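*Asks:* Take a look at the letters that make up each chain.
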Amino acid sequence: MLRYILRRIFLMIFVVLGVSFVVFFVINLAPGDVLSKIAPEDATLEEVEALRVELGLDRPIMFRYLDYMKGFVKGDLGKSYITGDDVFKTYMAKLPATLKLAFASIFVSILISIPLGIMAAKNRGSWKDNVSMVAALLGLSMPNFWLGLLLILLFSLKLGWFPTGGAIGFKSLILPAITVGTGLAALLTRTVRSSMLEVIRQDYLRTARAKGVKEKIVINKHAFKNALIPTITIAGTQLTRVLGGAVITETIFAWPGVGRLILDAVYSRDVTMITGCIILKSITISIILLIVDLLYAAVDPRIRAQFAKGGK
Amino acid sequence: MSKENLILEIENLVVNYELEAETVRAVNGISLSLEKGKIVGLVGETGAGKTTTALSILKLIPDPPGIIKNGNISVDGQDIIHASIEEMEVIRGKDVSMIFQDPMTSLNPVFTVGDQIAESIEIHEKISRNEAFKRAGEMLEMVGIPASRATEYPHQFSGGMKQRVVIAIALACNPKLIIADEPTTALDVTIQAQVLSLIKDLIEKNNASMLLITHDLGIVAEICDEVAVMYAGRIVEKGTLEDIFNNTKHPYTEGLFNSLPNIDDRNAILKPIKGLMPDPTNLPRGCSFAPRCDYCTDICEIQPENRMISHTHSVACSAYENPEFSIVRGSK
Amino acid sequence: MSNFIKRKRLFLIICSMTIMVLMSGCGSKEAETSQGDAQSSSTGTTSEAAAPTENTKYKEEVVINTGAQVTTLDVQEVSNVAHNRVFKLTHDTLVDLDIDTGKIVPKLAKEWEWLSPTELQLKLRNDVFFHNGEELKASDVVFTFKRAENGKASTGRVSNFVDVVAVDDFTVKITLNKPFVDLLDNMTIPVYSILSEKALIDDPNMGYTVGTGVWKLNEFVSNDYVSFDRFDKYWGELTPTQKLKVKYVPESSVSVISLENGEADLCTDLTSSDAVFVEKNKDLSLVEIDGTTCQFFGFNASKAPWDNKLLRQAVAHAIVKEDIITATENGYGKLATTFWGNSQFGYYDGFGDYEYDLDEAKRLLAEAGYPNGLDLEITVPTGYRVTTAELLQAQLSQIGINVTINEVDSAALTSITNDGTHESFVYGLGFNTAGDDIRRAYSPKSTTNRSHYANDRVIELIDLAVAEFDTDKRLADYKEIQEIAHDEIPVIPLYYQTLFFGTNKNLGGVTWNSTSNTDFSGIYVIEK
Chain A
-12 MLRYILRRIF
-2 LMIFVVLGVS
8 FVVFFVINLA
18 PGDVLSKIAP
28 EDATLEEVEA
38 LRVELGLDRP
48 IMFRYLDYMK
58 GFVKGDLGKS
68 YITGDDVFKT
78 YMAKLPATLK
88 LAFASIFVSI
98 LISIPLGIMA
108 AKNRGSWKDN
118 VSMVAALLGL
128 SMPNFWLGLL
138 LILLFSLKLG
148 WFPTGGAIGF
158 KSLILPAITV
168 GTGLAALLTR
178 TVRSSMLEVI
188 RQDYLRTARA
198 KGVKEKIVIN
208 KHAFKNALIP
218 TITIAGTQLT
228 RVLGGAVITE
238 TIFAWPGVGR
248 LILDAVYSRD
258 VTMITGCIIL
268 KSITISIILL
278 IVDLLYAAVD
288 PRIRAQFAKG
298 GK
Chain B
8 MSKENLILEI
18 ENLVVNYELE
28 AETVRAVNGI
38 SLSLEKGKIV
48 GLVGETGAGK
58 TTTALSILKL
68 IPDPPGIIKN
78 GNISVDGQDI
88 IHASIEEMEV
98 IRGKDVSMIF
108 QDPMTSLNPV
118 FTVGDQIAES
128 IEIHEKISRN
138 EAFKRAGEML
148 EMVGIPASRA
158 TEYPHQFSGG
168 MKQRVVIAIA
178 LACNPKLIIA
188 DEPTTALDVT
198 IQAQVLSLIK
208 DLIEKNNASM
218 LLITHDLGIV
228 AEICDEVAVM
238 YAGRIVEKGT
248 LEDIFNNTKH
258 PYTEGLFNSL
268 PNIDDRNAIL
278 KPIKGLMPDP
288 TNLPRGCSFA
298 PRCDYCTDIC
308 EIQPENRMIS
318 HTHSVACSAY
328 ENPEFSIVRG
338 SK
Chain C
527 MSNFIKRKRL
537 FLIICSMTIM
547 VLMSGCGSKE
557 AETSQGDAQS
567 SSTGTTSEAA
577 APTENTKYKE
587 EVVINTGAQV
597 TTLDVQEVSN
607 VAHNRVFKLT
617 HDTLVDLDID
627 TGKIVPKLAK
637 EWEWLSPTEL
647 QLKLRNDVFF
657 HNGEELKASD
667 VVFTFKRAEN
677 GKASTGRVSN
687 FVDVVAVDDF
697 TVKITLNKPF
707 VDLLDNMTIP
717 VYSILSEKAL
727 IDDPNMGYTV
737 GTGVWKLNEF
747 VSNDYVSFDR
757 FDKYWGELTP
767 TQKLKVKYVP
777 ESSVSVISLE
787 NGEADLCTDL
797 TSSDAVFVEK
807 NKDLSLVEID
817 GTTCQFFGFN
827 ASKAPWDNKL
837 LRQAVAHAIV
847 KEDIITATEN
857 GYGKLATTFW
867 GNSQFGYYDG
877 FGDYEYDLDE
887 AKRLLAEAGY
897 PNGLDLEITV
907 PTGYRVTTAE
917 LLQAQLSQIG
927 INVTINEVDS
937 AALTSITNDG
947 THESFVYGLG
957 FNTAGDDIRR
967 AYSPKSTTNR
977 SHYANDRVIE
987 LIDLAVAEFD
997 TDKRLADYKE
1007 IQEIAHDEIP
1017 VIPLYYQTLF
1027 FGTNKNLGGV
1037 TWNSTSNTDF
1047 SGIYVIEK
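Chains as they are written, first to last, in our numbering: chain A, -12 to 299; chain B, 8 to 339; chain C, 527 to 1054.
Do not rely on the hints blindly, as some may be mistaken.
[As the list claims (entries may be wrong)] The list that follows gives simulated cross-link-like pairs (lysine to any residue, SDA-like), each with its CA atoms no further than 20 Å apart: (1) A:Lys212 / B:Glu159; (2) C:Lys649 / C:Asp694; (3) A:Lys24 / C:Arg966; (4) A:Lys24 / C:Ser972; (5) B:Lys141 / B:Gly151; (6) A:Lys115 / A:Ile97; (7) B:Lys45 / B:Leu248; (8) A:Lys203 / B:Lys66; (9) A:Lys296 / B:Val117; (10) A:Lys203 / B:Ala90; (11) C:Lys829 / A:Leu32; (12) A:Lys109 / B:Arg336; (13) A:Lys212 / B:Val117; (14) B:Lys183 / B:Ile88.
[Stated by the list, open to error] Take a look, some chain C residues computed to stay more than 10 Å from chain A by CB distance: (15) Glu661; (16) Ile931; (17) Asp963; (18) Glu986.
Read the hints as simulated data drawn from the structure, not as lab findings.
This structure is a prediction, so every number in the text was calculated from the model and none was measured.
All C-beta atoms in this analysis are idealised placements derived from N, C-alpha and C, irrespective of residue type, glycine included.
Bound-form chain A, shown alone (with noise of 0.2 Å):
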């Protein structure tokens, strides 16, 4: 197990490198440069040109690629040409928020599809089974800054339950999270039905019912055990997608997240705050995949047996 988790973090090493390279050159094909954010309103053409040699944006690519990754090795991401500040610190003070919304929204989104996929697999083809299917439907065709508004509207404005936005305490939290959640649930729904509906075939649960297992039980422990797995690919992939910044909740929240500082990263051209943010999306991503894989050995014994054996 020990060899399978070091091989995983082995290859993240290349990932980071490909990730990097690629957003570092795309970044600078875009017309346009952290200049114009960065130099004063009143600066002639002089001096802005100054400020581009001062900050060495006017060398060949390859050659800032260089420097970037020569700081980038000893553990350094450089600063932000807007700010100033250290693009590690600033990008790990932003994690947090932007963790606690994706979990969170995960865990909306697990709170409305396990019950909703299990009730449309028990009942296939009854009614139960179509409004499900619709209800998820609705959460993903939603948008996420009308339903955001609506939920403000609803539940501050009309109803004063929670704040219209900002990240201070818990209930800041739930509107966001509702809002991310909802969407996510749509395919989480669909995917713990169809696998549930696979899994209610098995023989197994024939024998748990001859044994005398109450239904419930049948479908809530014994079956639903082995529905996670394809549950948990899904729900993973959803975290990693949230976990990249949901920019427009974000926006609508004024929710401090990391998706917020990218998307004003990329407006202001600012290139180390973008290529170093990116680079750190990508390693959080891949840990977290890393830790879903572990969930799925976790739950499937056969899994663990092929993880012990070194690899998959």
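On the provided structure of chain A, position chains B and C as indicated by the hints.
*Replies:* Just chains B and C, lined up with the frame of chain A:
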């Protein structure tokens, strides 16, 4: 046979599978009884309705689309047909348990074998989880698997050992009636013998009864006391082992014996039964076997009645209206 | 019913439900169009929501929602409206501007005089303390302007400073390299705020947050909020509020909701649609200010064929500015006829505007050699200005000009206009109050002169005016610049954007001014 002595009584059982476009008539009025302490073999080809009959006893027919249309089943005097789900959950695993055909798919891959055995014990007996797990270990020993393997998962066992685990699960709560649905069909021939003798031992030790479903006449000869032959959802011949093997009456049963290769005469031509089993959605009005029967006459166009040959032996064939009639096998 | 029909029915039901949901989703996000024409708005005045009396109870903490991010608290690093609002809370400049009279008034400096056209001497107040308890001395001013040489925003501002000297503890003399009449006007901008030498020696990394303002920094969470505590040893009048928080809320409709909710007391940077909403709510007040950002349609006057002024004049005759204002800003906005700040020294609009005359336009086109019209590319940043570009496209098609719109993000626009590869563009320029600020619009060396307009006489006038102490002569110089610009029309000014603020009805103490001089430091909310 006195009623108190019966562990299982089935009367006129009719089971259909009602699909959208058609209805499958799986079981068409069978009657069967089993005395305590006896082993009855239910013989027939694939599709004869044997498994459906077995599942009906535990009310495990998938519903929809399966429906028990008619009939009575009682286990040790207890009515099954009208029992509620809760009552069935008590009976299953405790009074009646089942050994299934395919060991590869009968065990849940994500739970240990110990857990799966212990679960049965926990449900039916008021003991703690640890106690149940210990008992599970004892059950494993009883079927010839070291108790230390109770913490392992199904994928770590071979086919034969998996089947032993299934047997351990079935026997964990000392049921009075065991239904074994082709328990050795999926196993190697060498393992078959082991498992069979294991089952026989355990039944004797626990003083239980067994309904053994099989298509293998050899196995029937080894361990059954009585035999019932099923064809197209009906029992065509019923009797003791002696009756069926040495005093075969029904043409179908004869056909079954004739299909067996003769180990003594390697040059003999195999004699299969001509034709195929009828479509269960479209059964003929008269005797279901008639189209394939060598002895078929006009009488066969009506449904044959069950005719007692002796107080243990009955046959459902209209040809015996004629007292002179006899089949080839066994006639001198 | 056969299953096929059952399934088809279900499919239709699902489809219609989905469509309904999607449509309702679009519906509720649509902006309400208002019936407003260009409305007159109040000029900058102190707001008097309710005059405070002896026994009034005040809210202990006031919350301001801002739509623009604060990336740094170093006054010398960034100078724009969003940051200057925050800087004015914690820092003071040597002098201030009285918006009503347009005159320079004392702040940290209580009096001053020009010893010569290049020497300005100022006397400081002797009762000012920094947040760290240190007394303000002339040495702090010297230190501040020395440090300013390295600040990204401040370096250009002190580039004409030869020397800054402390004559005594409370007297400072600034020597320039050449006469610069607007020095005092410029020094009202927060980038010239005075910093504490001791604070920066003790903490070179964050010491710049120490100022002399009525608010002391409490907490700065980047991209989220900045919070302040009242500095009770402030040299001037204290506000009754004790705590202040400036929150970043990027979505303006949510900002208004939080205002309605009571979560915030003031919202800045509202759109005109949100303004309508605030107006309708009787618990809120709407403040409208004539902005000094001029939205305009400019040409690249250095590139053929639009270097020909006849073509530009033709276009000016074909534009209907009122329609643009209605479509882009729901009717809010003040018509602009000259490319100058509407509160800037030297503003003159007496030359009138180009009349809407399609025949004259076509005649000018023919005279320039394009009787059948020609193509024109308009570069525009994403956002509301795209609407303006679309209207221009429709209006110019009337005279045979075929417009293609090139929509880019703002960083790309800067790069394109700097390189001079554009033909025309729609953008905005914010003007300060100092006359010399016009250099940014008309000097070919300035990055904000995106038209690359270079007229020798105009350049000459700019340099003359900046050294001219005679007010009348200065005004005449600036008037001549506008006359030339009006004729050559490298830039067609469209309108000055109206600024909207939503406030709690019981809010007061704010000095409203859309240039960097908006002052929130005296803010209070009366508790009812």
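*Asks:* Each hint needs a verdict: does it hold in this structure or not?
*Replies:* These are the hints, each one checked on the structure:
no.: 1; hint: A:Lys212 / B:Glu159; verdict: holds (17 Å)
no.: 2; hint: C:Lys649 / C:Asp694; verdict: holds (9 Å)
no.: 3; hint: A:Lys24 / C:Arg966; verdict: holds (16 Å)
no.: 4; hint: A:Lys24 / C:Ser972; verdict: holds (15 Å)
no.: 5; hint: B:Lys141 / B:Gly151; verdict: holds (16 Å)
no.: 6; hint: A:Lys115 / A:Ile97; verdict: holds (19 Å)
no.: 7; hint: B:Lys45 / B:Leu248; verdict: holds (12 Å)
no.: 8; hint: A:Lys203 / B:Lys66; verdict: holds (17 Å)
no.: 9; hint: A:Lys296 / B:Val117; verdict: holds (18 Å)
no.: 10; hint: A:Lys203 / B:Ala90; verdict: holds (18 Å)
no.: 11; hint: C:Lys829 / A:Leu32; verdict: holds (18 Å)
no.: 12; hint: A:Lys109 / B:Arg336; verdict: violated (52 Å)
no.: 13; hint: A:Lys212 / B:Val117; verdict: holds (7 Å)
no.: 14; hint: B:Lys183 / B:Ile88; verdict: holds (19 Å)
no.: 15; hint: Glu661; verdict: holds (30 Å)
no.: 16; hint: Ile931; verdict: holds (16 Å)
no.: 17; hint: Asp963; verdict: violated (8 Å)
no.: 18; hint: Glu986; verdict: holds (17 Å)
In the structure shown, a violation is registered for the earlier hints numbered 12 and 17, in ascending order.
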